[in-house]
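*Asks:* Residue-level listing of the chains:
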Amino acid sequence: MFGLDKKDASLLLIVAVLVAFAPFFLNPFPEGSGWAQFNAGYPDLMQRFVIFGIFAIGFNILFGLTGYLSFGHAAFLGVGSYAAVWMFKLLSMNVIPAIALAVITAGAFALIIGYVSLRRSGIYFSILTLAFAQMSFALAYSVLTPITGGETGLQLALDDPRIFGGAATEGNIPVPGFFGLEMRDSAQLVLGNWVFTFNVGYYFAAIIMLLSFYLSIRIFRSPFGMMLRAVKSNQQRLNYTGLNPRPYTLAAFVISGMYAGLAGGLMASMDPLAGAERMFWTASGEVVLMTILGGVGTLIGPVLGAGMIKYMENIISKINSDILHSWFAFLPDGLEDLVVTLIYPFIGKGWHLTLGIVFMLVVIFLPGGLVQGGQKLAGLFGRKKAQEPKNATTEPAE
Amino acid sequence: MGILEVKDVNKRFGGLQALGNVNLSVAENTCHAIIGPNGAGKSTLLNCLVGKLIPDTGSVMFDGQSVLGRTPFEINQMGISRVFQTPEIFGDLTVMENMLIPCFAKRDGSFALHGIRSVFSESGLRDQAEQMLEEVNMLDKRNMHSASMSRGDKRRLEMAMCLVQNPKLLLLDEPTAGMARADTNNTIDLLKEIKEKRNITIAIIEHDMHVVFSLAERITVLAQGTPLVEDTPENIKGHPKVKEAYLGEAA
Ligand SMILES: Nc1ncnc2c1ncn2[C@@H]1O[C@H](COP(=O)(O)OP(=O)(O)OP(=O)(O)O)[C@@H](O)[C@H]1O
Ligand SMILES: [Mg+2]
Numbered sequence: 031m032f033g034l035d036k037k038d039a040s041l042l043l044i045v046a047v048l049v050a051f052a053p054f055f056l057n058p059f060p061e062g063s064g065w066a067q068f069n070a071g072y073p074d075l076m077q078r079f080v081i082f083g084i085f086a087i088g089f090n091i092l093f094g095l096t097g098y099l100s101f102g103h104a105a106f107l108g109v110g111s112y113a114a115v116w117m118f119k120l121l122s123m124n125v126i127p128a129i130a131l132a133v134i135t136a137g138a139f140a141l142i143i144g145y146v147s148l149r150r151s152g153i154y155f156s157i158l159t160l161a162f163a164q165m166s167f168a169l170a171y172s173v174l175t176p177i178t179g180g181e182t183g184l185q186l187a188l189d190d191p192r193i194f195g196g197a198a199t200e201g202n203i204p205v206p207g208f209f210g211l212e213m214r215d216s217a218q219l220v221l222g223n224w225v226f227t228f229n230v231g232y233y234f235a236a237i238i239m240l241l242s243f244y245l246s247i248r249i250f251r252s253p254f255g256m257m258l259r260a261v262k263s264n265q266q267r268l269n270y271t272g273l274n275p276r277p278y279t280l281a282a283f284v285i286s287g288m289y290a291g292l293a294g295g296l297m298a299s300m301d302p303l304a305g306a307e308r309m310f311w312t313a314s315g316e317v318v319l320m321t322i323l324g325g326v327g328t329l330i331g332p333v334l335g336a337g338m339i340k341y342m343e344n345i346i347s348k349i350n351s352d353i354l355h356s357w358f359a360f361l362p363d364g365l366e367d368l369v370v371t372l373i374y375p376f377i378g379k380g381w382h383l384t385l386g387i388v389f390m391l392v393v394i395f396l397p398g399g400l401v402q403g404g405q406k407l408a409g410l411f412g413r414k415k416a417q418e419p420k421n422a423t424t425e426p427a428e
Numbered sequence: 054m055g056i057l058e059v060k061d062v063n064k065r066f067g068g069l070q071a072l073g074n075v076n077l078s079v080a081e082n083t084c085h086a087i088i089g090p091n092g093a094g095k096s097t098l099l100n101c102l103v104g105k106l107i108p109d110t111g112s113v114m115f116d117g118q119s120v121l122g123r124t125p126f127e128i129n130q131m132g133i134s135r136v137f138q139t140p141e142i143f144g145d146l147t148v149m150e151n152m153l154i155p156c157f158a159k160r161d162g163s164f165a166l167h168g169i170r171s172v173f174s175e176s177g178l179r180d181q182a183e184q185m186l187e188e189v190n191m192l193d194k195r196n197m198h199s200a201s202m203s204r205g206d207k208r209r210l211e212m213a214m215c216l217v218q219n220p221k222l223l224l225l226d227e228p229t230a231g232m233a234r235a236d237t238n239n240t241i242d243l244l245k246e247i248k249e250k251r252n253i254t255i256a257i258i259e260h261d262m263h264v265v266f267s268l269a270e271r272i273t274v275l276a277q278g279t280p281l282v283e284d285t286p287e288n289i290k291g292h293p294k295v296k297e298a299y300l301g302e303a304a
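Chains A and B are the protein sequences, given in the same order.
Quick note on numbering: the working numbering labels position 357 of the first sequence as 387, and the sequence is numbered without any gaps.
Quick note on numbering: the working numbering labels position 13 of the second sequence as 66, and the sequence is numbered without any gaps.
Calculated directly from the structure, the hints in this document are not laboratory data.
Heads up, a few of these hints could be off.
Claimed, not checked - Sample of chain B residues at the chain A side, in silico, Cβ under 7 Å: (1) G111; (2) E141; (3) E150; (4) F157; (5) R170; (6) D193.
What the hints assert, rightly or not - With a straight-line cut-off of 20 Å between C-alpha atoms, the simulated SDA-like cross-links for lysine to any residue are: (7) K37(A) x R170(B); (8) K105(B) x N69(A); (9) K348(A) x K379(A); (10) K105(B) x S151(A); (11) K248(B) x G231(B); (12) K262(A) x A200(B); (13) K159(B) x R276(A); (14) K379(A) x K36(A); (15) K159(B) x D215(A); (16) K262(A) x D180(B); (17) K36(A) x S174(B).
Predicted model, so just to flag it, every value in this text is computed and none were measured.
Even glycine gets a Cβ: it sits at the ideal position worked out from N, Cα and C.
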């Protein structure tokens, strides 16, 4: 199907089904119940899942295949966001040109930064990308304020000189849309105590995520993908086999930069503003964590990692001490206070602590990430395993 | 004039003269062996041919063109393939993928962006790779993870990767080291067969004299970075200087 072998095609299909029905899956708890705060099926968070999924899928093409660890990919995401917002300001509120420009601009940036950074490998490459990203951040934050809006960020304004649809928006700042469909529009389905939200922006981003995922599978299975794995495996042999590793790694760098730009453009399409903090080094580190947490070099791992981190960021950080007290109210008072005191550092603003622990546990016990965990689980339930060698052509597939 | 002409090549590592005034001419379609005690500079000489090292002075001409100043991948594209002293393969890839990479390099040059096409749609290259694997008796291992193979198998794979490129000049650095006797004999047969079938020039470094005398038409003896003698195998066998070089090392 679509030029994929059976295994990859079924993986793509499963992801497509999960993404299509995510508003249901992510809202398993009825409204108003104590568990409802664990529901993730609201538009803002679902959009983040797929957008950061795209970011991580692209990052994995560089890091997972070539082994080059970039610590500056958030710069491309930020550049994409700025480009998209400028497109909204100057051209039209349609998201298509905005996203196109975001991808192109990020690609051009990646070409320059990659060309310089790839002169070194290993830790020096990582540091170079980090330096470039922090320079971009500093430029966006202060020096280039006329272009980036500096500290306040870049926002739409009433007097934007938009070429298409500039006049039609008197008094209101318009919202990004796709030929009449507004990204923030939602439909709700109420079933008893359950409320399911279907958001235009989410489904738009989800379709793009599926296309990006499909493209990444094709790249993984292509001669180009094989060369990238060869770069990671043995550059010396590649050189003496008549292949120049440099353009291969640069192409991977640019492609992953364009994925980041796409994610940035989509973020701006969901909420038309862009700020320098999107380029900050912690944002670059986050995508590294996502990829490692999910499973470096696997197809679906980065998406899982992105989902996990965004879920923790948004759900765990919302738990506060009142909620904890209500959970442990059944315990005797002294014990309740003790338990709450013990757990408190890991919730709310302390969610990073929880993330850190989860990350350490995964790296130590599941070096292959969540994907490896899934494979182990599947192995426990004794599925296949015996008739493996039939299609043992490549790395772990899912 | 040989296909490979090395003239007055010198190479120093700090105070060590690794190569001193090396002259070597390898005639087309012959097998030329380079022998000598450990540390004689044999691998260093090969490194100067494939762009891994740049000689301090001298010239290296291949097929009428200088190789000096070219990168390793450019030199390979000129038609020189090399097997290393310690096997250099793509350990994370399967045997079949290891074979496909040189096939792509041969067909598409040093860089080609086939980002969407599937590897497995390249039936022409696959046939080529499978045929070569058949020749080295490794077809049954084609889906194996190459890092998990024995050292001898890795060597055979590396040799197959070089041969599938159909190079004009094949450089072998101790290709049978670490191989079982039977595999060594298979390798000798394979190289003989390849030489009969194709127009290929072979330069081989080897400590195993059985291999050397089975294959070589000319032998150069290198000692302390300088060629002592160059002659036919028959004449080398009883040459006093050669005995001295080897015995000198033992003493
Ligand atoms: N990159 C290098 N830097 C410094 N010294 C080197 C380097 N490469 C080789 N040498 C030295 O040069 C000399 C020749 O080494 P070379 O590897 O060419 O020997 P060889 O003839 O291949 O020996 P062997 O039979 O053990 O493989 C040795 O003394 C070695 O230590
Ligand atoms: Mg050597």
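*Asks:* Tell me, in ascending order, the numbers of any earlier hints that this structure violates.
*Replies:* 1, 6, 8, 11, 14, 15 and 16
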